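Asks: These protein sequence lines are chains A and B, in that order.
Using my numbering, you'd call the opening residue of the first sequence number 1 and step up by one each time.
Using my numbering, you'd call the opening residue of the second sequence number 1 and step up by one each time.
Worth flagging that the hints you see were computed from the coordinates, not collected in a lab.
It is possible that some hints are incorrect.
[Stated by the list, open to error] Partial list, derived from the structure: chain A residues whose beta carbon lies under 8 Å from chain B:
| hint | residue |
| --- | --- |
| 1 | Gly8 |
| 2 | Gln28 |
| 3 | Cys29 |
| 4 | Thr31 |
| 5 | Leu35 |
| 6 | Gly70 |
| 7 | Phe71 |
| 8 | Asp104 |
| 9 | Ser109 |
| 10 | Ser177 |
| 11 | Leu193 |
[To be verified] Once the Cα atoms are required to be at most 27 Å apart in a straight line, the calculated DSS-like pairs of lysine-lysine come out as:
| hint | chain 1 | residue 1 | chain 2 | residue 2 |
| --- | --- | --- | --- | --- |
| 12 | B | Lys188 | A | Lys17 |
| 13 | B | Lys38 | A | Lys38 |
| 14 | B | Lys188 | A | Lys38 |
| 15 | A | Lys138 | A | Lys10 |
Just so we're clear, the structure is a prediction, and the values are computed from it rather than from any experiment.
We put the CB at the ideal spot given by N, CA and C, even for glycine.
2 protein chains.
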Amino acid sequence: MNFCSQCGGKTEPRIPKGEDRERAVCTQCSTVHYLNPKMIVGCIIEHDGQIMLCKRAIEPRYGFWTIPAGFMEMGESAMQGAARESHEEASAHVRIVAPYAHFDVTHISQAYILYRAHLVLPKEGPAFGAGSESLEVKLVRPSEIPWGELAFGAVKQALELYTEDVASGRYRCHIGSIHREDGRFVLKEHIALPVG
Amino acid sequence: MNFCSQCGGKTEPRIPKGEDRERAVCTQCSTVHYLNPKMIVGCIIEHDGQIMLCKRAIEPRYGFWTIPAGFMEMGESAMQGAARESHEEASAHVRIVAPYAHFDVTHISQAYILYRAHLVLPKEGPAFGAGSESLEVKLVRPSEIPWGELAFGAVKQALELYTEDVASGRYRCHIGSIHREDGRFVLKEHIALPVG
Numbered sequence: 001m002n003f004c005s006q007c008g009g010k011t012e013p014r015i016p017k018g019e020d021r022e023r024a025v026c027t028q029c030s031t032v033h034y035l036n037p038k039m040i041v042g043c044i045i046e047h048d049g050q051i052m053l054c055k056r057a058i059e060p061r062y063g064f065w066t067i068p069a070g071f072m073e074m075g076e077s078a079m080q081g082a083a084r085e086s087h088e089e090a091s092a093h094v095r096i097v098a099p100y101a102h103f104d105v106t107h108i109s110q111a112y113i114l115y116r117a118h119l120v121l122p123k124e125g126p127a128f129g130a131g132s133e134s135l136e137v138k139l140v141r142p143s144e145i146p147w148g149e150l151a152f153g154a155v156k157q158a159l160e161l162y163t164e165d166v167a168s169g170r171y172r173c174h175i176g177s178i179h180r181e182d183g184r185f186v187l188k189e190h191i192a193l194p195v196g
Numbered sequence: 001m002n003f004c005s006q007c008g009g010k011t012e013p014r015i016p017k018g019e020d021r022e023r024a025v026c027t028q029c030s031t032v033h034y035l036n037p038k039m040i041v042g043c044i045i046e047h048d049g050q051i052m053l054c055k056r057a058i059e060p061r062y063g064f065w066t067i068p069a070g071f072m073e074m075g076e077s078a079m080q081g082a083a084r085e086s087h088e089e090a091s092a093h094v095r096i097v098a099p100y101a102h103f104d105v106t107h108i109s110q111a112y113i114l115y116r117a118h119l120v121l122p123k124e125g126p127a128f129g130a131g132s133e134s135l136e137v138k139l140v141r142p143s144e145i146p147w148g149e150l151a152f153g154a155v156k157q158a159l160e161l162y163t164e165d166v167a168s169g170r171y172r173c174h175i176g177s178i179h180r181e182d183g184r185f186v187l188k189e190h191i192a193l194p195v196g
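Go ahead and model the full structure; you've got the sequences and the hints to work with.
Replies: Shown next, in the form of structure tokens:
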């Protein structure tokens, strides 16, 4: 943030009155600009004991696998956003079943909000396919997840817990934060709620 | 967003290549500026069958009551932010007990992420008090909540469900979205998870 989005003036870091941290403040019109974490919404799409993975056709992490997920848009709910991303990235229609995870990834200020969803089969035509941001989309059993080729730490964490949940036969909803420590990702503040 | 925060050039609404909606795009350096929903993190702080309310000393909704909550900051987790807000607004130290709600308020693109927390009593001195953003802070029984003087619809929705949960003796975690329809707030996509 170098310039004010309101008036185009130069900004500089200042601690506004009554606050305890630096913000980008406009030197011309004094507007205070706040930066806040962004939400990433997505789905673990289930079908016949398998889940849907997409091979990324865009950076970051081109060629790596992930679940359908992306930045939440203005005016939509997290569930609507998760369903939208499933359609955009995997041409899949889904029915959200339950919340699955809320992981705050603190070092990049992103909150992953993930849901379990069921694939809704169309009356005719393919049930899913690669959207413009995917090279390939496929259904895999939990045992077939390509752990070394996953794009994002938060998705890997969610799929590890998902694999545990499937093995135990009890789905949970996982809350927590993912921190980078000594080059590794560590899940903290982990709370697992039973899903009725 | 009138000017580019990168170079100070004028922006104009354009649909970037490969996207389906207008963004503010810089006419000078072509940077695409994205707007995303913001997260509001807060606590229902419990103590001796009561919960903590703060009377707002700032706009919006000066003089109305709410729970300690505010915008999540970069680099913190939602739980850390909820505890920080409890300290800033009510000078209270808390221990987060469980997630309580995630409500997307779609018409203002805000996500309320609320936790139940217990008040941690200090070795000496007052357990809580009005921070700079509060006129007054007090503990109330659910039956004493001033329903007509609450500041925000999402907090009112959370406290209504909380009051139900207390009456039934079973806490839940509530997920859903709050939409404005015909001047009223309606909770949709409501999923209630049992809390262990």
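Asks: All hints, please: hold or fail.
Replies: For each hint, the structure was consulted:
{"no.": "1", "hint": "Gly8", "verdict": "holds, 4 Å"}
{"no.": "2", "hint": "Gln28", "verdict": "violated, 11 Å"}
{"no.": "3", "hint": "Cys29", "verdict": "violated, 11 Å"}
{"no.": "4", "hint": "Thr31", "verdict": "violated, 11 Å"}
{"no.": "5", "hint": "Leu35", "verdict": "holds, 5 Å"}
{"no.": "6", "hint": "Gly70", "verdict": "violated, 11 Å"}
{"no.": "7", "hint": "Phe71", "verdict": "holds, 6 Å"}
{"no.": "8", "hint": "Asp104", "verdict": "holds, 4 Å"}
{"no.": "9", "hint": "Ser109", "verdict": "holds, 4 Å"}
{"no.": "10", "hint": "Ser177", "verdict": "holds, 4 Å"}
{"no.": "11", "hint": "Leu193", "verdict": "holds, 5 Å"}
{"no.": "12", "hint": "B:Lys188 with A:Lys17", "verdict": "violated, 39 Å"}
{"no.": "13", "hint": "B:Lys38 with A:Lys38", "verdict": "holds, 7 Å"}
{"no.": "14", "hint": "B:Lys188 with A:Lys38", "verdict": "holds, 22 Å"}
{"no.": "15", "hint": "A:Lys138 with A:Lys10", "verdict": "violated, 48 Å"}
The structure does not agree with the numbered hints 2, 3, 4, 6, 12, 15 stated previously, though it agrees with the rest.
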